[in-house]
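2 protein chains.
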Amino acid sequence: MSQPQLKLTLEQGLIDLDRSLVRATLDDYHYADIGEELAEFNSPEAKQLLSLFALADRASLFAYLPPHQQAQVAALMSRNKLAALISRMEADERADLYKELDEEQRAMILPGLAQAEREDIRRLASYPEGSAGSIMTSDYATLKEHWLASRALKQLRLEAPDKETIYQTYVIDRERRVLGTISLRELILASPDAMIKDLMRTDIVSITVENDQEYATEQIRHYDLLAIPVVDDTQRMMGIITYDDAMDAAVEEATEDAQKSASVGKLDESVDRASFWQLYSKRIPWLVLLVFGAMFSGAGLAHFEDIIANHVVLVFFLPLLIGSGGNAGSQAAALMVRALATGDVGKGDWAKLFTKELLIGFSLGATMAIAVFALGLWRGGIDVAAIVAVAMVIIVMFSSLIGLSLPFLLSKLKVDPATASGPLVATIADVGGVLIYFGLASTVLGL
Amino acid sequence: MSQPQLKLTLEQGLIDLDRSLVRATLDDYHYADIGEELAEFNSPEAKQLLSLFALADRASLFAYLPPHQQAQVAALMSRNKLAALISRMEADERADLYKELDEEQRAMILPGLAQAEREDIRRLASYPEGSAGSIMTSDYATLKEHWLASRALKQLRLEAPDKETIYQTYVIDRERRVLGTISLRELILASPDAMIKDLMRTDIVSITVENDQEYATEQIRHYDLLAIPVVDDTQRMMGIITYDDAMDAAVEEATEDAQKSASVGKLDESVDRASFWQLYSKRIPWLVLLVFGAMFSGAGLAHFEDIIANHVVLVFFLPLLIGSGGNAGSQAAALMVRALATGDVGKGDWAKLFTKELLIGFSLGATMAIAVFALGLWRGGIDVAAIVAVAMVIIVMFSSLIGLSLPFLLSKLKVDPATASGPLVATIADVGGVLIYFGLASTVLGL
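One line per chain: the protein sequences are Z and E, in this order.
Heads up: the first sequence begins at 1 in full-length UniProt numbering, then just goes up one per residue.
Heads up: the second sequence begins at 1 in full-length UniProt numbering, then just goes up one per residue.
Be careful, since some hints might not be right.
Since the list can't tell identical chains apart, any single copy or any two copies may satisfy a pair.
Said to hold, decoys possible - When the alpha-carbon atoms are kept at most 25 Å apart in a straight line, the in silico PhoX-like pairs for lysine-lysine are as follows: (1) 163 to 144; (2) 154 to 81; (3) 282 to 356; (4) 352 to 266; (5) 347 to 412; (6) 347 to 282; (7) 347 to 7; (8) 282 to 352; (9) 352 to 7; (10) 266 to 356; (11) 197 to 144; (12) 412 to 352.
Read the hints as simulated data drawn from the structure, not as lab findings.
If you're wondering where the values come from, they're calculated on a predicted model, not measured in any experiment.
Whole structure, please, built from the sequences with the hints as guidance.
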């Protein structure tokens, strides 16, 4: 989504160091667009361009640079300029920047910040990647239960510039425990003399810092929330996660799952920006592992050397049979991985789904067997046709059940169910398919 | 996420027809939870339970039933009750219900509604599934540019109960063309005497009714919007899409893409609720199609019958080689499908990525070739080892390039790139792999 006119203006502004030209872009473009365009410049240029904007805008734009570029630009700034910038950034965004900095840079900027800011940054930066804590912010608005609606509104008006949202607020007690929630819409509609205590909703939906960010997103979506409060185990408020950060996290997770479904490791960059080495190193481990897995099908075939030598026609159906098993297994795995991710299916549903899959796998296999029976008859006579058809049914059932069960097994072993990728299931289906097919053939053809 | 206590209370309320017991659940549970629990009852029971709630709550709860159950419950209600319920539903939700009703039911309810409501429902229900129009709502708040901030606030307070959001409002002219946008936060912070014209933002992000719902979601996420205005081709406002509906659409799309990636058709139900027939019918078409595709690998093998008969050892490496090709191809396809879906990669990036993949595919293949060379040496001597290793490099390159290119080709043919599933790529890789492997073997072993 490059904007050619914006790019030209920024390039001109960089040459002329023209503040007003550069600042005028804010009238026509959103921060997101300008920030995205800035990311296309190299770090010294981006730093130069940023310095032409007023501080508040600079902080907003800076947040749209990719993390590694933020760190590079930060390294080029003077200590004071950087501290000023960081003070103006949103709490969750500056914590993300902090994580990107090296020890030296951290030591450089921390003294320039107020005590409360330092602690806030350290705290927010301390949560592990993927946890709810890692995407929460501390810029949320709180109210007291004995306030009147009018006072609450006045307070929110004062705090609005510094808060990530004032549309959803939280009523807390002295220990910062959440007592209730109230939306700005409810506040505006209430009588000015109504007490917050009587207005607030007490059926609070909250999560803890240790929860997965996926869970945060799911709760926000389920309850149509603008933000969800994050609490510690004594119900004290630690921060909030806003819907927009949850949406970003959801897209990130979906990308990760889509890549895992094809046995690709987590990329830190988008595919078009990722280097050769990044792409290679995220793809090769599973490929090599699966090569070793596939060696078992080779060993299986070696075991049946005699029957293959005597009935070469059997080989013709081998890719068809093991491929079909892999396909049906991949389908079952993809359905389960996604259902587990969205919460449609729980860990305890395995047995019920297994029984259902038994019937589905049989029916799929039987349908496909009809398709290959004719081919078998033509190529190898009735014996071969029968072997191929029966093998198809058994292989498809076997693979479907493996595909269905593997995500549950992984989830039980605390491994992301998405690891049950198409390639992994297909490799297992290959080994099983070879044994089933030639095992059956040996029995029928009597070798 | 079943709530056992809530379930018990509702069951008791159903037996005793106890209004106050049933209504009290609203103090402790969200609409989303109660609605979800109601969906577990059969339709006559759900209808009975709904009738125990006050009308406004009933409309909110009803919206959480799955579409087919909504239609069933609606069929059990009297014409007047149903019309009253529909009047109280949110504009986008009642349009979704309308789509589920048959002609007779539609004819029954329409006369009970006001003229404006009838037109609104018909209009919203007219947009095709998957379009921005199909998930937009007409319950949005508008302002006039000559109003003062104080008047705007007063107006919003009046309209709040009927609007899906008042946090984002739209300034329109007499022809309902969008002139600007303003948030409630900006309104609250502005001086009461400021004119809307001077407060509004004019860099409007909007979409058209024909845009994909995916595009709507992407814009909302990119610009961190609460809602996006949907306009016609003369910039007249037709509706808005709110972030929560966009989130739902995004999850739905991600599920659809995850299923497509394994060649499963779009399921209208979650996996645990889907019937045997639904699951069978969404999985079998691609499986059978791929069986026919895989027959080409059988035909390829038949062509090489003599060399196979003379060198049975070659067969041992067949699943390994074609499986590896399928795995590498699936990786490339998954990366491209997702990158095209998120917009990280555009249709025009194919040539650049193809060149990169050429090198990556070669490196992946070479690494895997090393792993299989030793095995080849042990099983079949230097000739076989060399054939297997070289075949691995070529097959992995071929499959990776197919996997990378197929999503672009499909996108060019206006087919969803996600159709380039793992199973489809693996089947093509199988056919190519058989030809490459035995073609190479024939040349080297001279048959």
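Verification of the hints:
no., hint, verdict
1, 163 to 144, "within (17 Å within a copy, 28 Å between copies)"
2, 154 to 81, "neither (33 Å within a copy, 42 Å between copies)"
3, 282 to 356, "between (35 Å within a copy, 15 Å between copies)"
4, 352 to 266, "between (32 Å within a copy, 22 Å between copies)"
5, 347 to 412, "within (8 Å within a copy, 40 Å between copies)"
6, 347 to 282, "between (29 Å within a copy, 24 Å between copies)"
7, 347 to 7, "between (50 Å within a copy, 21 Å between copies)"
8, 282 to 352, "between (35 Å within a copy, 20 Å between copies)"
9, 352 to 7, "between (57 Å within a copy, 22 Å between copies)"
10, 266 to 356, "between (33 Å within a copy, 19 Å between copies)"
11, 197 to 144, "within (8 Å within a copy, 36 Å between copies)"
12, 412 to 352, "within (16 Å within a copy, 42 Å between copies)"
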